[in-house]
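Trainee: Chain by chain, the residues:
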Amino acid sequence: MILPVQAETSHRAPAQSVKLRSVNLNEIKDLLLQNDPTFWIRLKLLTEQATEFDDLIFLSSLRKKAATRRLPRPGAADAPLKLAILGGCNLYPLHELLTHLLETAGVACELLLGDYDNYVAEIMEPYGALYEFRPQVVCLLPAAQRCKYPGALIDARDAAQAAANAVARQVLQLCRTVHERTKADVLLANFMLPSRCDLGEFRTRTLTSPWNFRKWVNLELGLSAPPFVHVLDLEFLANRKGALAAEDARGWFESKQPCSPALLVDVCHEASHLILGLRTAPKKVLALDLDNTLWGGVVADDGLEGIEIGDTSPRGEAFKAFQKYILTLKERGVLLAVCSKNDYARAIEPFEKHPEMVLRSGDFVSLKANWKPKSDNLHQMAKELQLGLDSFVFVDDNPAEIDIVRQFAPTVATILLDGDPANYVGQLQDCRWFEPHGITNEDAQRTAHYRAESERQALMASAADMDSYLESLAMKAVIRDFTPVDVPRLAQLINKSNQFNLTTHRWTETEVQALIGLPDYVCFSVRLQDRFGDHGLISIVIGRVGGDALEIDTWLMSCRVLNRQVEETVLNELVRRARVKGCSRLEGIYLPSGKNEMVRDHYPRMGFEIRTVTPERSEFLLELNSFRPRSTKITLRNESN
Amino acid sequence: MNRTDIITKLQAIFDAIFLAPPKLTPLLEAKDVPEWDSLIHISLLVAVEEAFNVRFRVGEVETTKNIGEFANLIAQRMTEK
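Respectively, the protein sequence lines represent chains A and B.
No gaps in the numbering here: position 201 of the first sequence is 201 in the numbering used here, and each next residue is one more.
No gaps in the numbering here: position 4 of the second sequence is 4 in the numbering used here, and each next residue is one more.
Chain A on its own, in the form it takes in the complex (with noise of 0.2 Å):
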């Protein structure tokens, strides 16, 4: 079952590999022999830990048995994710595995098993347990064994090449196919490379030879598949493990598996990874260390032309080439932010002076360079950026450091460098906390929005009163109904969006698409610039006409544009649409969400009365025929009906 020893390096594990096995695993079984709650945190340690396919497998089993002796789990239950696994291989124990990735990492699974080598029919009969089911996420793992040109290997390239689009094509319009009849998101496997010598270097110059075969065929997958699909890159992963490691003939022989015991776990990481990242953020800010984080030495010491930074030096050149990855961050619309223990002067000065620093002052948004507690400084961070916590990620070489932001901004992911600079772009790399899911234009221009914010807070303190303040800013709005084109950032938004945000429901790309044009529904963005910038697409509004009344499911802001009258704009036009649509009042709702303080008296601010306050949920309501516009500072282009 498994191959012989080699060394892993699986890239959600610590960089040792744990064989847990040995160490603790008794302690985790008396723990559930006693009926001990504290069991469902200690399995979830344990898992994230455990980079062995027996030891998951172990902890998997431990807890089906929790499960069957109704041990309590704390914490409320959501609704379950519908998730059905299809292919062309045995998808046993890869269910085992992932539908414990997701249930430990707090999301529930019902499942449904294709049966070996029967998806084309499952997808293709309308009536069958697929869509009965009805599935919200579909993992197909296609038949890696079809995978291959049928015809001769001194074929011309013309005829190969129409064969392996074909195959991608096949493929493709399965997706399409379960995606029109479910709106599922799809996870597609692609395929693992050839890892064995047949051919010799004449596996480079055909497009008929298995490896330059599939090879195309993954990259047609890959550049044609539609926002619903999402690559689960097993020719990545298996090459990241080394293709010998990945592949397992005895496996497949006795019982249909499709790689190795090891490679599974991979691709069980790798999948849990791309379901949860359907339903969060990423980080939105890189919070860095200077003195041996971003240069060898330290500043204040060794002074500025002692530290370790440019191409005199490999650890010098190290340290750039960590610069320059960070700043590939920033062009992917990641916010850069210095958060050191330092004299402010003698820190910022690298960053003013040095001739081999890449990174310089302004691509960061915030410099804290001080003697706080660098828990301090982040707290300090995300309340001028007006950003959750828990879209920081903080770096630094120091386990003390780590450890304080650990204890007093749990929220904070947090890097400990592993004091080798070499390995620094590679830890950054790994951290998975900055992946796009779609990079947007608004992304790019974070930057430059979140650096003329601090400009335009040092003119409100300039002007005299608030409303000359805003007429100096000489705001435009434009409201827009839903779009085929915003809808990445549409759901990008309504994902992340957390403080200004009344419902925290969330709708995934496909659930937005869908409600374009629906008749009962009242759906617009609003977009706003002003004169130091433009903050993009700011505020999304999503209603839904229930008799009379207008319900409004879904009402966010970014919290960039506070206080700017851009909530009343919104006003307005939920109005003007409401009656529209023949209704006579607005309903609102208030869902407390532990994030969303900052609107608990948002209808009531807005001229709603107070129907029912409860601590789950508050209701509020408008009547229409006594209501007037509110008056704003923004000059507003409705492109609507």
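Since the hints were derived computationally from the structure, they do not count as laboratory data.
Keep in mind that the hints are not guaranteed to be accurate.
[Stated by the list, open to error] Part of the chain A face toward chain B, derived, beta carbon under 8 Å:
(1) L32
(2) I57
(3) E254
[Stated by the list, open to error] Dumping the calculated DSSO-like pairs for lysine-lysine here, alpha-carbon to alpha-carbon at most 27 Å:
(4) K372(A) / K341(A)
(5) K341(A) / K353(A)
(6) K383(A) / K372(A)
(7) K595(A) / K383(A)
(8) K82(A) / K496(A)
(9) K256(A) / K65(B)
(10) K31(B) / K65(B)
(11) K9(B) / K31(B)
(12) K44(A) / K65(A)
(13) K64(A) / K23(B)
(14) K324(A) / K341(A)
(15) K23(B) / K29(A)
(16) K9(B) / K65(A)
(17) K31(B) / K64(A)
(18) K256(A) / K31(B)
(19) K29(A) / K31(B)
(20) K65(A) / K23(B)
(21) K65(A) / K31(B)
(22) K476(A) / K633(A)
(23) K353(A) / K324(A)
(24) K65(A) / K29(A)
(25) K9(B) / K29(A)
[As the list claims (entries may be wrong)] Far from chain A by the CB rule (all over 10 Å, computed), these chain B residues:
(26) N2
(27) P22
(28) T25
(29) K65
(30) N72
Since this is a predicted model, take the numbers as computed values, not measurements.
The C-beta atom is built at its ideal place from N, Cα and C for all residues, glycine as well.
Following the hints, position chain B against chain A.
Mentor: Leaving out everything else, chain B in the frame of chain A:
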């Protein structure tokens, strides 16, 4: 390592994996042990291959009927390596 030694070593593996570990005897079969399902079977095989530093050949584990035959197979793979 004779069959008794192998079964003693197997017992330690079973003790680690099962919540209620069975007492191993040469005639014990998987169907005699309620907790011995396919999931725990996978754990067992991986742990056994690792602990004895052997690799079973395709299809041969499923031909063993009980712990005694399984121990014989382990012994055979240990000597033939």
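Trainee: For every hint, state whether the structure bears it out.
Mentor: Right, here's what the structure says about each hint:
1. L32: holds, 7 Å
2. I57: holds, 5 Å
3. E254: Interface hint status for E254(A): holds (6 Å vs cutoff 8 Å).
4. K372(A) / K341(A): Given pair K372(A), K341(A) holds - Cα atoms ~7 Å apart, limit 27 Å.
5. K341(A) / K353(A): holds, 20 Å
6. K383(A) / K372(A): holds, 16 Å
7. K595(A) / K383(A): holds, 13 Å
8. K82(A) / K496(A): holds, 22 Å
9. K256(A) / K65(B): holds, 22 Å
10. K31(B) / K65(B): holds, 10 Å
11. K9(B) / K31(B): Within the cut-off at roughly 21 Å; holds.
12. K44(A) / K65(A): holds, 15 Å
13. K64(A) / K23(B): holds, 23 Å
14. K324(A) / K341(A): holds, 23 Å
15. K23(B) / K29(A): holds, 18 Å
16. K9(B) / K65(A): Judged against 27 Å, a Cα distance of about 25 Å means the pair holds.
17. K31(B) / K64(A): Distance ~19 Å between K31(B) and K64(A) Cα, so the pair holds.
18. K256(A) / K31(B): holds, 24 Å
19. K29(A) / K31(B): Given pair K29(A), K31(B) holds - Cα atoms ~23 Å apart, limit 27 Å.
20. K65(A) / K23(B): Roughly 20 Å separates the two Cα atoms, so the pair holds.
21. K65(A) / K31(B): Distance of about 18 Å is within 27 Å: holds.
22. K476(A) / K633(A): The given pair, whose Cα atoms are some 9 Å apart, holds under the 27 Å limit.
23. K353(A) / K324(A): holds, 17 Å
24. K65(A) / K29(A): holds, 10 Å
25. K9(B) / K29(A): holds, 20 Å
26. N2: Since the minimum Cβ distance to chain A is about 25 Å, N2(B) lies beyond 10 Å and the statement holds.
27. P22: holds, 15 Å
28. T25: T25(B) is indeed farther than 10 Å from all Cβ atoms of chain A, at 23 Å.
29. K65: Holds, because the least Cβ-Cβ distance between K65(B) and chain A comes to about 17 Å, which exceeds 10 Å.
30. N72: With a cut-off of 10 Å, N72(B) remains clear of chain A, as the shortest Cβ separation is near 19 Å.
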